[in-house]
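A.B. asks: Residue strings, one per chain:
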Amino acid sequence: MSLETPAPLTPYPRHGSNSGQPISRRDGELKVTGQATYAADNHPPGLLYAVTAVSSIARGRVAALDVAAAKAHPGVVEVITPANRPPLSHDPDVKLGMFGFRIEVLQDDKVRYANQPIALVLAESLEAAVEGAALLRPRYEVEPARTGLGNGDRYAPAAVGVGAPPRTAFGDLDAGFAAADQVIEAEFTTPAQFHNAMEPHAVVAQWDGDHLTLDMPNQALVMSREAYAAYFGVPGENVLIRSPFLGGGFGSKAILNGPQILAILAARHMRRPVKLVLSRAQMYGPVGHRGRTWQTLRLGVDGEGRLTAMHHHSLAATSSFEDFLEPAANASLHAYASPAILSQTEGLRLDIGTPGPMRAPGEASGSAALEVAMDEAALACGMDPLAFRLKNFAETEPGTGRPYSSNALRECYAEGAKAFGWAGRPLQPRQMRDKDGLLVGWGMGTALFPCPHFPAEARATLRADGTALVETAGVDMGQGAWTALAQIAAEALGLDPEQVEFRSGVSDLPDAGVAGGSGHTASAGLALHNAGQNVIARLAELAGADPASPLFGAGNIGVVAKGGRLHRRDDEGRSESYADILARTGQTELVGTGRMARDEEAVQAWAMYSHGAVFAEVKVDPDLGMVRATRLVGAFAAGRIINPKLVRSQYYGGMIWGVSFALQEAAIADPRTGRIMNADLAEYRIPVNADVPSLEAILVPEDDRYVNPLGVKGVGEIGITGTVGAIANAVWHATGVRVRRFPIQIEDLLGGG
Amino acid sequence: MNRFDYIRPASVAEAVAAATQPGSAYLAGGTNLVDLMKGGALRPDCLVDISRLPGLDRIEWLADGGLRIGALVRNADLAHDALVQARFPAVSEALLSGASAQLRNVATLGGNLLQQTRCPYFYDTASACNRRAPGSGCDALQGENRSHAVLGWSDHCIATHPSDLCVPLVALDAVIEVQGPQGSRGIPLETLHPLPGDTPHLETMLSPGELITAVRIPAEAIAVAGHARYLKVRERTSFAFALVSAAAGLELDGGVIRKARLALGGVAARPWRARVAEAALEGGPATAEAFARAAEAALADARPSGDNAFKIELARRILIRALQEALAGTPEQRPALPASPFAPPSGARHVA
Ligand SMILES: Cc1cc2nc3c(=O)[nH]c(=O)nc-3n(C[C@H](O)[C@H](O)[C@H](O)COP(=O)(O)OP(=O)(O)OC[C@H]3O[C@@H](n4cnc5c(N)ncnc54)[C@H](O)[C@@H]3O)c2cc1C
Ligand code: SF4
Chain A
1 MSLETPAPLT
11 PYPRHGSNSG
21 QPISRRDGEL
31 KVTGQATYAA
41 DNHPPGLLYA
51 VTAVSSIARG
61 RVAALDVAAA
71 KAHPGVVEVI
81 TPANRPPLSH
91 DPDVKLGMFG
101 FRIEVLQDDK
111 VRYANQPIAL
121 VLAESLEAAV
131 EGAALLRPRY
141 EVEPARTGLG
151 NGDRYAPAAV
161 GVGAPPRTAF
171 GDLDAGFAAA
181 DQVIEAEFTT
191 PAQFHNAMEP
201 HAVVAQWDGD
211 HLTLDMPNQA
221 LVMSREAYAA
231 YFGVPGENVL
241 IRSPFLGGGF
251 GSKAILNGPQ
261 ILAILAARHM
271 RRPVKLVLSR
281 AQMYGPVGHR
291 GRTWQTLRLG
301 VDGEGRLTAM
311 HHHSLAATSS
321 FEDFLEPAAN
331 ASLHAYASPA
341 ILSQTEGLRL
351 DIGTPGPMRA
361 PGEASGSAAL
371 EVAMDEAALA
381 CGMDPLAFRL
391 KNFAETEPGT
401 GRPYSSNALR
411 ECYAEGAKAF
421 GWAGRPLQPR
431 QMRDKDGLLV
441 GWGMGTALFP
451 CPHFPAEARA
461 TLRADGTALV
471 ETAGVDMGQG
481 AWTALAQIAA
491 EALGLDPEQV
501 EFRSGVSDLP
511 DAGVAGGSGH
521 TASAGLALHN
531 AGQNVIARLA
541 ELAGADPASP
551 LFGAGNIGVV
561 AKGGRLHRRD
571 DEGRSESYAD
581 ILARTGQTEL
591 VGTGRMARDE
601 EAVQAWAMYS
611 HGAVFAEVKV
621 DPDLGMVRAT
631 RLVGAFAAGR
641 IINPKLVRSQ
651 YYGGMIWGVS
661 FALQEAAIAD
671 PRTGRIMNAD
681 LAEYRIPVNA
691 DVPSLEAILV
701 PEDDRYVNPL
711 GVKGVGEIGI
721 TGTVGAIANA
731 VWHATGVRVR
741 RFPIQIEDLL
751 GGG
Chain B
1001 MNRFDYIRPA
1011 SVAEAVAAAT
1021 QPGSAYLAGG
1031 TNLVDLMKGG
1041 ALRPDCLVDI
1051 SRLPGLDRIE
1061 WLADGGLRIG
1071 ALVRNADLAH
1081 DALVQARFPA
1091 VSEALLSGAS
1101 AQLRNVATLG
1111 GNLLQQTRCP
1121 YFYDTASACN
1131 RRAPGSGCDA
1141 LQGENRSHAV
1151 LGWSDHCIAT
1161 HPSDLCVPLV
1171 ALDAVIEVQG
1181 PQGSRGIPLE
1191 TLHPLPGDTP
1201 HLETMLSPGE
1211 LITAVRIPAE
1221 AIAVAGHARY
1231 LKVRERTSFA
1241 FALVSAAAGL
1251 ELDGGVIRKA
1261 RLALGGVAAR
1271 PWRARVAEAA
1281 LEGGPATAEA
1291 FARAAEAALA
1301 DARPSGDNAF
1311 KIELARRILI
1321 RALQEALAGT
1331 PEQRPALPAS
1341 PFAPPSGARH
1351 VA
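Order-wise, the sequence lines are chains A and B. Residues in the first sequence are numbered from 1 upward in steps of one, following my numbering. Residues in the second sequence are numbered from 1001 upward in steps of one, following my numbering.
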């Protein structure tokens, strides 16, 4: 359904409200009582267990595998290696669509990174398969691994992230730096980080002739269905992906990967259902990660603390065979008003698994560096960090000059600062101590995230009893999509959420697009909204044409749908229930459809972002260098809030991830072998509850009449951005030590004692 | 994992007989052993499950005032025993600073003492590791060794012993009781884990089949109960091993230190009793200068084994802090964040 009013500057109409309620997750009870069925909980009869054997070298080839030993192990039924790997219909070295990465599915004996699958063992039990894989005892021809700056191959990429340009320039950079009174230059590094969803990547694959059923956690059901179909040479509709629950995705479950394809292939080959579940360690390689970056920021400032030029350069690591680059430098493109901005990314080829999008790809790592550099610039100007940001507030989108569809960032700064108690913060570091003598520091950062939308479709069915069924192949990764999307549908249908059956998580429903880019609620939500409006419009037509209906002839005047009834817009006293309209017109059900649709002119005319400001307090032990984040206040504006409870959870989760990024998370690869030495949750540190500070997320109201007809922006990723820098800045403020290497570690601060 | 036999002996004697066979291993809580088996670092042929052996799960006070703890007492039970808390507060605090509540509910005293190093190369079967595969080399030496040993290491192995519990136990002169094919004996805990030298694979002084049946803490050790702390530097607030840690206990006579009990964790292949530092303190005043001198003495022989020089300074500072807090007196209430420097003696609130 297209917009009623095509003029781009006319705001979208606002609707009544079923949305906006803090409803608890519909799936919450299932999850906390253990009744939610995750992919690996499926045990079809005749199941075989698949386990990948993975390489322990990062580069070279597999010279020999002791397949006989593995096969001799009781319970092992087959070992698939490059020598006997059944054919695939798609060449895995060729990209397949936008999210189609080149993958490793035993197409040859080459090893391109540590933890790459080099064989697949199938057995009657998991234990036998694991032991079979161990018995393969590979022999390798080893080539020196490229593991870092010293031995990686630098290259000029064609694109960064998912198709963004590697170089973007606004204004005259040289002139900008020439006009600067001071130039602040700083180098930052961010480590490899792994998604580490609680639920590992898993699949239970079953073939029935050329029909394939996949139980797997998946963030992009219909798109993935088509990709699997291409790999296996069957029509897309023959593939059914069931993904009712995901134990987290964070971007890693939107992209096809080798191990899952191998399991599906094995199921066809063996004519038996096959289950594969990656171990925690095996998730450190073939299923993506946030790539390492080496970033340089140069900021020119004039005598009044105004930015004159911003140059953000990032060297980003990727694999030897794929091109995904963490788009960190682009985080500086649209953050602050500056007459000249240059963002540049170079690639560094290493013998690692291909990185991929991980919650706030680019924004997280890029804003970490940018927000610290901004803090340094503020200090150089003798200004309070918040005042400095306000001085450089972007009234319009930097670079393009487009107005914002809405921008409550000023309110975010103000409300966040007030709630935090920012006023009176000393400019200089090491000025504050608590009663126990711990150093106290305060820091802040700006949070920013764009509003991408993805194509999406939905179907709404009104049923004879006046309730509705709405369907879209959406994805609940734990963020609460089942709940928020159902709220949007209910609102469009004029029903209570309890009267709406929401069907989702299966690939044979209308395509809901990708649950990613913080755009799922907006995209799938729009499709549902439009499907709901479509079916209501059809119902109104039926009623309006029916002389027996109190709504007869309401056509031009229109109707309003609420409480399961249609009301005449000009006389709400005249109404009829959905059930009655359907019954009288002899319909057992009425179906409407909708798709994500926005006014393309508005999309071009307005700059659209979610905004926020994060304020952090840390305490540092002056002797021991131990850091604890003690307080985080984030104020975020993201258009209309469908469900404040879920949204607050997203902000909390993002801010906690920011703590993790700033102080804990890093994969540590041995520089000689490229093997990751902490591929487990004991040693790959993420915060435990005791590390989570007192958190406050303020939902700053924002009425966005242009972003889309719902007024909804994204909330899923913005919480990380801003937070990392805020914490790093607070650590500096506490100690006077500026750490530009993430995560900040104890040894970085010991000298400051 | 490999196929293995599993037996559940009914008595200590049966257990010892079974475990004396080459290739067998005792299974207690399994929180360390099973992990190592899953990763393939250890591949025993036979597991001798001692977790249900009768009589080894008791906490007993001996006639002489000492404490005897059965080898199967769960870490959680020991930590929460009221008398243990009162008389050996550092033991309780160390236990509660380790692992997680779930692990502590399963892990046993004996298993805690004999847990393996967390050196990542020990766990990674593709790496050379003299401790796991004698003579294969030590990949940690030139590798990721930021958390490795700074005391007592050799070029053959730079691993540390990871136990928190062992640190106050050695400071308190704990003795382990073992039962073996040749009968029973006692071994001072301080000598249970030999330094690596050129035989890092000889991980303990136990002979094949010897079973730890109990740990004894002598009555004299109660004398430091009023001035005892265990403090741990770690990189998240719980569920993390110590980068360095220290146990300190003081017996004071006015402002003079009559007896000092000091040990460091995370610095060596054994829980490190800091006897020189104790000697430096005993008989002198409990002052900041004395603590600093003692810390210097404790780390006098320390050398970085890699990218870990910072641990030497960190160990000095945690020892000084532990001494300061011990001097201030054992907190009446166990801190909400046990062993955390962020838990002020006044009692920590979880959230600031
Ligand atoms: C994620 C994680 C985090 C942890 N964090 C910490 C921490 O912060 N601090 C800390 O101190 N510990 C920590 N631990 C280690 C934990 O304390 C040990 O795993 C546990 O104490 C081992 O006890 P168990 O009974 O499970 O031993 P098991 O795993 O059963 O056995 C360990 C070893 O001891 C041997 N053994 C066991 N009992 C006896 C006996 N009576 N006689 C002879 N041999 C015996 C076994 O053969 C085996 O070699 C952590 C563990 C994990 C998994
Ligand atoms: S330090 Fe010890 S445990 Fe670690 S690799 Fe070297 S020999 Fe093995």
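I should point out that these hints are in silico values taken from the structure, not numbers from a laboratory. One thing to keep in mind: the hints can contain errors.
With a straight-line Cα cutoff of 30 Å, these simulated DSSO-like cross-link-like pairs (lysine-lysine) come out [claimed, not checked]:
1. 435(A) x 391(A)
2. 71(A) x 1038(B)
3. 645(A) x 562(A)
4. 1259(B) x 110(A)
5. 1259(B) x 31(A)
6. 95(A) x 110(A)
7. 95(A) x 71(A)
8. 110(A) x 71(A)
9. 31(A) x 645(A)
In this text, all values refer to a predicted model and were calculated from it rather than measured experimentally.
A.B. asks: Each hint: holds or not?
C.D. replies: Hints, one by one, checked against the model:
1. With a C-alpha separation of about 35 Å, the suggested pairing of residue 435(A) with residue 391(A) is violated against the 30 Å cut-off.
2. At most 30 Å may separate the alpha-carbon atoms for a hinted pair to count; residue 71(A) and residue 1038(B) meet this at roughly 20 Å.
3. For the proposed pair residue 645(A) and residue 562(A), the alpha carbon gap of about 24 Å is at most 30 Å, so the pair holds.
4. Taking the CA atoms of residue 1259(B) and residue 110(A), the gap is about 64 Å. The hint is violated against a cut of 30 Å.
5. Distance restraint check for residue 1259(B) and residue 31(A): the Cα-Cα separation of roughly 55 Å exceeds the 30 Å cut-off, and the hinted pair is therefore not satisfied.
6. Restraint check for residue 95(A) and residue 110(A): the C-alpha separation of about 18 Å stays at or below 30 Å, so the hint holds.
7. For the hint pairing residue 95(A) with residue 71(A), the CA-to-CA distance comes to about 34 Å; that exceeds 30 Å, so the pair is violated.
8. A hinted pair counts as satisfied when its Cα atoms are at most 30 Å apart, and residue 110(A) with residue 71(A) qualifies at roughly 23 Å.
9. At most 30 Å may separate the alpha-carbon atoms for a hinted pair to count; residue 31(A) and residue 645(A) meet this at roughly 17 Å.
Against the hints set out earlier in the document, violations occur for numbers 1, 4, 5 and 7.
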